[in-house]
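Chemist: Given chain A, put chain B in place with the hints provided.
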Amino acid sequence: MKISFLEFEQPIAEVESKIEQLRFVQDDSAVDISEEISKVEAKSKKLTKDIYAKLTPWQCAMVARHPNRPYTLDYLSSIFTDFEELHGDRSSAEDAAIVGGMARFNGQSCMVIGHQKGRDTKEKITRNFGMPRPEGYRKALRLMRMAEKYQLPIFSFIDTPGAYPGISAEERGQSEAIGRNLLVMAELEVPIIATVIGEGGSGGALAIAVADTVMMLQYSTYAVISPEGCASILWKSADRAGDAADAMGITAQRLKSLGLIDRIINEPLGGAHRDHEEASKALKISLQEELSQLSKLSIPELVERRFERLMSYGRFKEQVVQ
Amino acid sequence: MSWLQKLLPPKIKRSPGGRKSMPEGLWSKCPACEAVLYASDLENNQQVCPKCSHHLRLRARARLNLLLDEEGRFEIGAEVLPMDPLKFKDGKRYIDRLAAANKETDESDALIVMQGAIKTVPVVVACFEFEFMGGSMGSVVGERFVRGVQAALELNAPFICITASGGARMQEGLFSLMQMAKTTAAVAKLAKHPLPFMTLLTDPTMGGVSASFAFVGDIVIAEPGALIGFAGPRVIEQTVRQKLPEGFQRAEFLLEKGAIDMIVDRRELRDKLASLITLLMRMPAV
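Listed in order, the protein sequences are those of chains A and B.
Sequential numbering from 1 applies to the first sequence in this note's numbering.
Sequential numbering from 1001 applies to the second sequence in this note's numbering.
Be a bit skeptical, because a hint or two may be false.
Stated by the list, open to error - Label-pair ranges, simulated between beta-carbon atoms:
(1) 67/A <-> 1122/B: 56 to 62 angstroms
(2) 1240/B <-> 237/A: 52 to 58 angstroms
(3) 1083/B <-> 36/A: 56 to 62 angstroms
(4) 26/A <-> 1240/B: 50 to 56 angstroms
(5) 145/A <-> 1242/B: 50 to 56 angstroms
(6) 1240/B <-> 119/A: 20 to 26 angstroms
(7) 1083/B <-> 263/A: 23 to 29 angstroms
(8) 1270/B <-> 293/A: 48 to 54 angstroms
(9) 1122/B <-> 125/A: 49 to 55 angstroms
(10) 1083/B <-> 301/A: 28 to 34 angstroms
(11) 1057/B <-> 108/A: 50 to 56 angstroms
(12) 122/A <-> 1057/B: 44 to 50 angstroms
(13) 1122/B <-> 263/A: 40 to 46 angstroms
These are computed hints drawn from the structure, not numbers from a lab.
We put the CB at the ideal spot given by N, CA and C, even for glycine.
Next comes chain A alone, as it looks inside the complex:
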């Protein structure tokens, strides 16, 4: 797969193209320049490390949206086996922006639900850029209920710009569909582990992310509104998205320090899109550890713990008013 470089990665892109050239030269030359190549490769690595060490929140959002980033189905094939995809909400449509079904995790049955973006233009359109309609959330709800019935733990993967803001979505009750999921997930009697793998876009993300454990990949983001949306409202210009991203605190690190997520999963050097296999390995280990922790709890304990957690969200002060 050819990697596309982001704007702030241009210095890396230049070094990489130099490596490419050198390799080309070496192929039809008698002189051995492999030492030169490995030197430049080391330089590229260091450059990547340096740049990624000080990513701004806005740059992080760019990585989270990277077109080569692994999506739910990629992790499904690398981490899970025997995936049986189920379709449809049983009342109006199938929504390909959310995928889901039973699978095996280390041999054990489970339910997997996740947002799904498309790779090429055609698939992007089919998957509606990962923006679910009410049908998608209702399909997810159906699968969650089924997971509860058969006591299958649920793994959800979050990667959406947001729920689809369209006419038909409103007509079919986008608000109700999201709200219903929040209601049911609050009390669902199976462990739920949610992982933000790319973009955690507002209510459209939360609708499958109410969980016992919430994790984020290192360069994923999770926010109440997109930085562009926030900027165009508060700064009156979408160009100030960088400022909005700073102010809102959308990165895994910031959200972990605020106590809003439980765990950060480190990504390979230069982001998950550089090495899908490494990213999958790290994700799998985290899923495994979190599931075994949650499995120690009885169902009533689990549900009570989830409820207390939900109730603890928020920062306010208390003061007796006269």
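Modeler: Just chain B now, with coordinates in the frame of chain A:
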């Protein structure tokens, strides 16, 4: 400019700001039918236009005053006050916005919760104050909502939420998104008991408030003409690049689409709620 406006001599053209030049106080103009009304007439009619029945926006305390019996009112959660967990700043600091909203509205945040009674039937009512930062839902709104639900459980009383909100409060970042999960989880707990949870959706109810507890109640009511939806009309127009149908996202549209149970005129709300609650709770009619 329409052809008619083009034809008119410049003097007759209405200046765009002209409508608002009416002196404040004595007179008021209905934004829907443009009838000129005595402000006192409008107030005596619960801010409903006597000519066309257009429902104007109403402040939260005024609403609670109209809805609840005079005796036995008690405010819940007023001790919960906002703070600024992210040290958020755009053009203005969040702290300053809070202070300005407080000064402007005399409220400390965008939700007022009160226990009381409707025609002697005990209830807990949570009411959004749209004038306080667009009725946006942050940590304080979420916590007061939850305390209201707890009070309803303790009192064995129905919980009613009257919404008017632009959505989540951006200045609290992900904390505000989590209020969607928090409020709805409280509702899930309430739903285990035979205590009605009802919502009255008023103009406007959008975003995070619409997409959390607003539509999961036993009975969902809307005020006539209220704008209710997940995404704002402008966002949708930009996304789909087509003109939105007439009446899109209005209460009447939602009723037609099966999203709400009924539309109730503000002047009949007390009777309607009392009737619905007593029916569900198998109480004698009041």
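Chemist: Give a verdict on every hint.
Modeler: Verification of the supplied hints:
Taking the beta carbon of each, residue 67/A and residue 1122/B are about 57 angstroms apart, inside 56 to 62 angstroms as hinted. As the Cβ distance of residue 1240/B to residue 237/A is approximately 23 angstroms, the hint placing it in 52 to 58 angstroms is violated. Taking the beta carbon of each, residue 1083/B and residue 36/A are about 58 angstroms apart, inside 56 to 62 angstroms as hinted. Hint check: residue 26/A to residue 1240/B, Cβ distance near 52 angstroms, so the stated range 50 to 56 angstroms holds.
Under the hint 50 to 56 angstroms, the C-beta atoms of residue 145/A and residue 1242/B, about 35 angstroms apart, miss the expected range. Between residue 1240/B and residue 119/A the Cβ separation comes to about 24 angstroms, which falls inside the hinted range of 20 to 26 angstroms. Separated by about 26 angstroms at the C-beta atoms, residue 1083/B and residue 263/A satisfy the suggested range of 23 to 29 angstroms. Under the hint 48 to 54 angstroms, the C-beta atoms of residue 1270/B and residue 293/A, about 51 angstroms apart, fit the expected range.
The hinted window of 49 to 55 angstroms between residue 1122/B and residue 125/A holds, with their beta carbons roughly 54 angstroms apart. A C-beta distance of roughly 32 angstroms is found between residue 1083/B and residue 301/A, which places it inside the suggested range of 28 to 34 angstroms. Between residue 1057/B and residue 108/A the beta carbon distance is about 54 angstroms. The supplied range of 50 to 56 angstroms therefore holds. About 46 angstroms separates the C-beta atoms of residue 122/A and residue 1057/B, a value consistent with the hinted range of 44 to 50 angstroms.
Checked against the hint of 40 to 46 angstroms, the pair residue 1122/B and residue 263/A passes, with Cβ atoms roughly 45 angstroms apart.
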